[in-house]
Amino acid sequence: MGVAIVLVASLLVAQVVAGVVREAVSDEASYLEKVQICLTERETPFEPAVGDIIALSAARGALRSSPEGNEVTVALGGSEKDAERLYRDYSAVAPDDVVRTRLERHRKVVFLWDREPSQAQREFMYLCTLDAQE
Amino acid sequence: MSSRAAVLGSAAILLVLAVVAVRNAFTYPSIGGYDAQEYVTYARDLVERGALPPEGVGAYYTPPGYMALAGVAGSLGRALDLHDPDHLGQLVNAVAVLVTGVIVLLLARTLWPARPVIWLAAVGFFAFSPVVLKAGAMFHPEPLAMLITAGALLVLALMVRRRAYSWRLAVPLGLLLGAGQLVRAWSLWMVAVAVIVLCVAAVTDRSVRRSALVAVAVTVAVAAVVPAPWYAHQASRYSNPVFDRPQEDEFVLARRPLEFYVDARFPDIVFHPWQGHFNDRFVPVLYAETWGDYFGIWSWGPGRADRTDAIDASLVRQSVLGLLPTALALAGLVALLGLAISRPREDVGRLVAALPPVAALASVLYLAVAYPTSDGDTIKGTYALAAVPALALCFGFAVDWLARRRFVGTFLAVALVVSALAMLPFLVW
Numbered sequence: 060m061g062v063a064i065v066l067v068a069s070l071l072v073a074q075v076v077a078g079v080v081r082e083a084v085s086d087e088a089s090y091l092e093k094v095q096i097c098l099t100e101r102e103t104p105f106e107p108a109v110g111d112i113i114a115l116s117a118a119r120g121a122l123r124s125s126p127e128g129n130e131v132t133v134a135l136g137g138s139e140k141d142a143e144r145l146y147r148d149y150s151a152v153a154p155d156d157v158v159r160t161r162l163e164r165h166r167k168v169v170f171l172w173d174r175e176p177s178q179a180q181r182e183f184m185y186l187c188t189l190d191a192q193e
Numbered sequence: 059m060s061s062r063a064a065v066l067g068s069a070a071i072l073l074v075l076a077v078v079a080v081r082n083a084f085t086y087p088s089i090g091g092y093d094a095q096e097y098v099t100y101a102r103d104l105v106e107r108g109a110l111p112p113e114g115v116g117a118y119y120t121p122p123g124y125m126a127l128a129g130v131a132g133s134l135g136r137a138l139d140l141h142d143p144d145h146l147g148q149l150v151n152a153v154a155v156l157v158t159g160v161i162v163l164l165l166a167r168t169l170w171p172a173r174p175v176i177w178l179a180a181v182g183f184f185a186f187s188p189v190v191l192k193a194g195a196m197f198h199p200e201p202l203a204m205l206i207t208a209g210a211l212l213v214l215a216l217m218v219r220r221r222a223y224s225w226r227l228a229v230p231l232g233l234l235l236g237a238g239q240l241v242r243a244w245s246l247w248m249v250a251v252a253v254i255v256l257c258v259a260a261v262t263d264r265s266v267r268r269s270a271l272v273a274v275a276v277t278v279a280v281a282a283v284v285p286a287p288w289y290a291h292q293a294s295r296y297s298n299p300v301f302d303r304p305q306e307d308e309f310v311l312a313r314r315p316l317e318f319y320v321d322a323r324f325p326d327i328v329f330h331p332w333q334g335h336f337n338d339r340f341v342p343v344l345y346a347e348t349w350g351d352y353f354g355i356w357s358w359g360p361g362r363a364d365r366t367d368a369i370d371a372s373l374v375r376q377s378v379l380g381l382l383p384t385a386l387a388l389a390g391l392v393a394l395l396g397l398a399i400s401r402p403r404e405d406v407g408r409l410v411a412a413l414p415p416v417a418a419l420a421s422v423l424y425l426a427v428a429y430p431t432s433d434g435d436t437i438k439g440t441y442a443l444a445a446v447p448a449l450a451l452c453f454g455f456a457v458d459w460l461a462r463r464r465f466v467g468t469f470l471a472v473a474l475v476v477s478a479l480a481m482l483p484f485l486v487w
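These protein sequences, in sequence, are chains A and B. Numbering follows the numbering used here, with no gaps: position 104 of the first sequence is 163. Numbering follows the numbering used here, with no gaps: position 250 of the second sequence is 308.
Next up, chain B with everything else stripped away, as it sits in the complex (with noise of 0.2 Å):
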């Protein structure tokens, strides 16, 4: 494949991905998200009256970032006189979407630039992403986290690629990795994703160490500046400014069985993705929320219509499309997790798009277990989706490395392309 055709391919689907966004911003119901009513109220309430929740009531442990954009969006829209001026602050999440896809082909391009079927298919993956797209959707801080957790990692792959690790790169991304604290609390682990990689590039590199533990140190600097004001306020009112919410005394581990941690429930992962099969599964509950609508938030649940033969049938086609796509991205983090480990030195850039995905697992899987609910109500996909665009990387790149045999690169674009469009009505609200 050309450079140009992956190009304009990757421009194909993105605009793709822009129609479809942008639609379902104003159509789906500005109430409709997870936590919707308390982000649209902390949103109203930040704008107009310049206050935060209050103490301990609805999204009072988010920070404002979203907020405050959504907030203004939604002022306007109430300027326009707009039906629904909310849906507004919806298409903040649509642009923070398609900005994001545009990334993940930088991301490929700077990381892979002689493999154009890596930017492709990493297009590809990110944009016909359920979760993605249902995020994108609703009123809720998830994709702008996203959008910047993505911006880090490109400024983070310019570093690497370019063995530049000036303070003119160190400082955008300190700048990013604040601002990314000031949407979503879990945008933490990316800080911790950019310090491995930039000390992993002064261990292996002895010409670069001393610029990169500067970098290091810079990007540290500013990344806790800049949330610093959130984080004082929060510890001000809480005894835990990154999310105050009281945990069982018991060891963290402890609290779940260890089927939580390795059953998949298969076949009802496949044939029975909604909420009341395995409430008490990590990767199921994961996965069906990732790839469908366990928990009733999109093509089903309360507000919405009842669940049908013909929804069902709808999120097991989801399930079984999303198999293939997931085992790919699963093969692709793999890969690069072990060439990063057992060959340090040949190229730190796989870290990139092999850290983020992990981090974010280990995130959720904490939150999971920390904070345990009867539904599976701590498990959802959203809380791992900025670290989409690189687990869209992993799949690039292992669809690249099986694409080297005509014939199985042939067979996936099929495969691929087929449930890609199979996936569209789906993602279209």
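This is chain A alone, in the form it adopts within the complex (with noise of 0.2 Å):
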């Protein structure tokens, strides 16, 4: 029994000690990134949020893109907490019509969009955000 409790616990310390080191040296992407790989590759321009506290405070980071032509800031929050605080503090600052039509939340991600979006434009911003949505 004593070689099995070993046998099993190296078992296990390989598997953490395997995950650590890959963890260590693999260059996945950040989150923020992979929002940016999604729109590089739908040819949708984007460029940093500058000059927005709010999104700038986000904590996985923020940009500005334009599906179709439509403006939009991009908070990736780090929780639904941080979420939260960010829709929180684009709803003390913003007029009461655009919250209601062009602030949305999805889980971790914040949007604000210039102009009240199409439902592909929402869609499209949405699948491209799936990943820091989680």
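Everything labelled a hint here was simulated from the structure, so no lab data went into it. It is possible that part of the hints are untrue.
Simulated pairs of lysine to aspartate or glutamate, EDC-like, Cα-Cα distance not exceeding 20 Å [stated by the list, open to error]:
1) LYS140(A) to ASP405(B)
2) LYS93(A) to ASP148(A)
3) LYS140(A) to GLU163(A)
4) LYS93(A) to GLU106(A)
5) LYS140(A) to ASP370(B)
6) LYS93(A) to ASP156(A)
7) LYS140(A) to GLU193(A)
8) LYS93(A) to ASP155(A)
9) LYS93(A) to GLU193(A)
10) LYS93(A) to GLU308(B)
11) LYS140(A) to ASP364(B)
12) LYS93(A) to GLU82(A)
Here are some chain B residues pointing at chain A (derived, C-beta under 7 Å) [to be verified]:
13) ALA322
14) VAL392
15) TRP459
Counterexamples of contact, computed for chain A against chain B with all Cβ distances above 10 Å [said to hold, decoys possible]:
16) LEU70
17) VAL75
18) CYS97
19) THR103
20) GLY110
21) GLU130
22) GLU193
By construction, the Cβ of each residue, glycine as well, lies at the ideal position given by its N, Cα and C atoms.
The two chains are supplied separately, each in an independent frame; assemble them into the complex guided by the hints.
And the structure:
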């Protein structure tokens, strides 16, 4: 039995070590980079979210993009609480009709559109931020 | 620990299991489980029209055993004008889970009559395994297959312990093995387990050689005759009577990369145990699906809630809580297998606990490799459900060995009880 415990413990330790090493050497894209990759692949322009202190406070970063010409600020929260905070901060400074029609939250991601988005624009940004939403 | 305390403790655990399993059967949606709509339609058509699924449609490859019982239960539910009559089909599974829990206790007592710690630990492992409670709530054939397999294991254990290989036990064993194939084709591995155990008994014990070999012949014959009409029906319509699905032409082991077999994907296996993070890895999908809800069939997913931070946290908690019991069950399995191989004459009964998890794992692995999918859909904890009772015995064996040191035993008892209580909210749907 002692040998079996050592064997199983060794297997678990080997898996943990392998995982830690893989994490250390892998260059997996950040959540913001994943959104940028999605936008680039679909030839949709984007730029840093400059001057928007609420967006810049998002834990996973933020950017500006313009699917089908409609500009949108995308703020990636680090958690649902962080995203709720971003949504609350925007709600506190934006007029009611903007909050109602142009401000959206999908789990950890907050969108603030310059103009009311079409269904296609909404779906496009929703799908491009799927990784960041979790 | 006294025998009386172990039995009382086991009875208390089984009572909790009964309450949770029956409650889940009536709260979990009847069409919520894996392929549930197909199974509900199958059961209804079978009982009301006497018809099996049309060729190649729905769950046509699934034997009709559970569908017949669940279909009759559903008809009763309709006669009683229940809000969802198919809940009675799920109740069949709740009862199957509970009776299997009792068989786990009997198995442990039969195999290790002087080790009450094994009895209690095995029942605890079984009753708090999420894969058991999840499948037990569904409209699905797997829990009934688990019950029948556990029954066959008990008969096998009685044969080995009593060194009684007469037809009086061989015939019931064969009947159970045959009945298992009428419920779920995967239970074929149990036939192999029974044959190996009886053959090892024949080889290692000269005094019972002849009777053990006769028992093998009787068991195999009965196990072949019982499901023969079903296999004949399938063979007359499909190219493979067990599972008629097209396979790739490539050599079976070359269909997946090496990482598929060996990479557990730490830390994602603990911190992101949900679909999308390791679709092409066998170990983490099986683990996450067994202890949590990888495919979104229980606590999140289509028709339920979207994942939230709270749901993610509960899935991570499940993954963390599953580590200790998994490690102990694997250690017990390795120890029992090692002892069975190195000292085969000492106790053939060890194979009764050690072989089913190995055979079931091989069966699930074959299914995952032979029929690969991009989302890991063919890797499901439920496919190995029938091996959980035996794995519970392995777990009990390891706990019993460790608990001989008083300090370790106390620590383990506290850790496992706290784990079980922490899991309870996840187990109740």
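Comparing the hints with the structure gives:
Taking the CA atoms of LYS140(A) and ASP405(B), the gap is near 57 Å; set against the 20 Å cutoff, the hint is violated. The suggested pairing of LYS93(A) with ASP148(A) is violated, with an alpha-carbon distance near 25 Å, which exceeds 20 Å. For the given pair, LYS140(A) sits about 15 Å from GLU163(A) by alpha-carbon distance, which is consistent with the 20 Å threshold. For the proposed pair LYS93(A) and GLU106(A), the alpha carbon gap of about 14 Å is at most 20 Å, so the pair holds.
Restraint check for LYS140(A) and ASP370(B): satisfied, since their Cα atoms lie roughly 14 Å apart, inside the 20 Å limit. Proximity of LYS93(A) to ASP156(A) is assessed by CA-CA distance (about 31 Å); at most 20 Å being required, the pair is judged violated. For the hint pairing LYS140(A) with GLU193(A), the CA-to-CA distance comes to about 12 Å; that is within 20 Å, so the pair holds. Only pairs whose Cα atoms come within 20 Å are accepted, and LYS93(A) paired with ASP155(A) is rejected, the gap being roughly 32 Å.
With a C-alpha separation of about 13 Å, the suggested pair LYS93(A) and GLU193(A) falls inside the 20 Å cut-off, and the hint holds. Of the supplied pair hints, the one linking LYS93(A) and GLU308(B) is violated, its CA atoms being roughly 34 Å apart against a limit of 20 Å. Among the hinted pairs, LYS140(A) with ASP364(B) is consistent with the structure: their alpha-carbon atoms are about 16 Å apart, no more than 20 Å. Between LYS93(A) and GLU82(A) the alpha-carbon distance is near 17 Å, which keeps this suggested pair within the 20 Å criterion.
Interface restraint check: ALA322(B) against chain A, minimum CB-CB distance 4 Å, threshold 7 Å, status holds. Satisfaction of the interface hint for VAL392(B) is found here, the shortest Cβ-Cβ separation to chain A being roughly 4 Å, below the 7 Å cut-off. Taken as an interface hint, TRP459(B) checks out: its beta carbon lies about 4 Å from the nearest beta carbon of chain A, inside 7 Å. Interface exclusion of LEU70(A) from chain B breaks down, the closest Cβ pair being 8 Å apart, not more than 10 Å.
Look at VAL75(A): its CB is around 5 Å from the nearest CB on chain B, not clear of 10 Å, so calling it non-interface is violated. At roughly 15 Å, the least C-beta separation between CYS97(A) and chain B is larger than 10 Å, which holds for a residue marked as non-interface. Consistency note on THR103(A): stated as away from chain B, and its beta-carbon is indeed over 10 Å from all of that chain's, at 23 Å minimum. Interface exclusion of GLY110(A) from chain B stands, the closest Cβ pair being 30 Å apart, more than 10 Å.
The beta carbon of GLU130(A) is kept farther than 10 Å from every beta carbon of chain B, the shortest such distance being approximately 27 Å. Its closest Cβ contact with chain B, about 7 Å, brings GLU193(A) to no more than 10 Å, contrary to its assignment away from the interface.
Hint compliance for this structure: hints 1, 2, 6, 8, 10, 16, 17 and 22 are not met, and every other hint is.
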